[in-house]
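Q: Residue numbering for the sequence shown follows our numbering, starting at 629 and increasing by one per position.
You may find that some hints are simply not true.
Claimed, not checked - Using 20 Å as the maximum straight-line C-alpha spacing, the simulated SDA-like pairs for lysine to any residue come out as follows: (1) Lys-790 to Glu-801; (2) Lys-686 to Ala-650; (3) Lys-757 to Arg-697; (4) Lys-834 to Val-788; (5) Lys-834 to Arg-815.
Calculated directly from the structure, the hints in this document are not laboratory data.
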Amino acid sequence: GIITPSDILRANNIEPLSLVRAINRAAKIKELRVAAEAIPALVVRLIERDVRAIEVGKIITTLADTITRRLLFLSEQKHGPPPCDYAWLAFGSQARQEQVLGSDQDNGLLLSDEFRPEEHDEYFLAMAKFVCDGLDACGYEYCRGEIMATTPKWRQPLSVWKSYFDRWIDQPEPMALMHSSIFFDLRPVTGPDALFVPLQKMILQKSQVNR
629 GIITPSDILR ANNIEPLSLV RAINRAAKIK ELRVAAEAIP ALVVRLIERD VRAIEVGKII
689 TTLADTITRR LLFLSEQKHG PPPCDYAWLA FGSQARQEQV LGSDQDNGLL LSDEFRPEEH
749 DEYFLAMAKF VCDGLDACGY EYCRGEIMAT TPKWRQPLSV WKSYFDRWID QPEPMALMHS
809 SIFFDLRPVT GPDALFVPLQ KMILQKSQVN R
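Just need the whole structure built from these sequences, with the hints factored in.
A: Below, the structure written as structure tokens:
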């Protein structure tokens with residue numbers, strides 16, 4: 629019947645802030661995976677405390693964002709600084725902050741228009757592979773539809789992303805409607821506002837005048 633310091637530490641290790649600290653201290657994917665393995669137990673505790681479903685979703689998403697940012701940090705440590713500005717985009721449930729246990733990954737890379745494929749794409753492909761492999765190791769399965777930054781189509785500069793949304797809005801074909809159901813929920817997990825905001829403004833302006 630005695631509560632020991634180790635009991636308190638063990639209980640505290642599956643609190644949201646403790647998990648965030650563990651993720652931000654991780655130096656290897658193996659350490660990130662260990663931290664991610666505590667997320668289901670955290671969700672159980674939140675439900676036992678009668679935390680609202682919408683808040684549980686936000687906490688799960690915050691942890692996914694934190695893991696993604698840590699993987700990007702580790703990738704830059706491994707591959708060096710990026711050759712141009714970039715933003716890592718989340719789509720779907722992660723963008724809406726509505727992730728649940730077992731959510732797969734839907735992501736992409738928004739690159740500066742200074743991006744030169746022949747010089748820079750090798751770097752960003754290596755980054756995308758490192759992060760997507762790391763997310764899979766942490767329990768966020770690969771997207772079966774390949775909506776991931778490892779797919780060349782979803783690793784493009786700002787001008788190309790604008791052209792994608794331009795076409796999806798102006799030409800609502802079946803494939804465009806399918807893409808819009810995924811990509812119109814988007815949010816930068818990391819990256820400069822100067823890169824993401826112009827894309828967001830363009831999407832909002834065009835969609836508001838097109839039923």
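Q: State for each hint whether it applies.
A: Hints versus structure:
1. Lys-790 to Glu-801: holds (17 Å)
2. Lys-686 to Ala-650: The given pair, whose Cα atoms are some 18 Å apart, holds under the 20 Å limit.
3. Lys-757 to Arg-697: holds (14 Å)
4. Lys-834 to Val-788: holds (16 Å)
5. Lys-834 to Arg-815: holds (18 Å)
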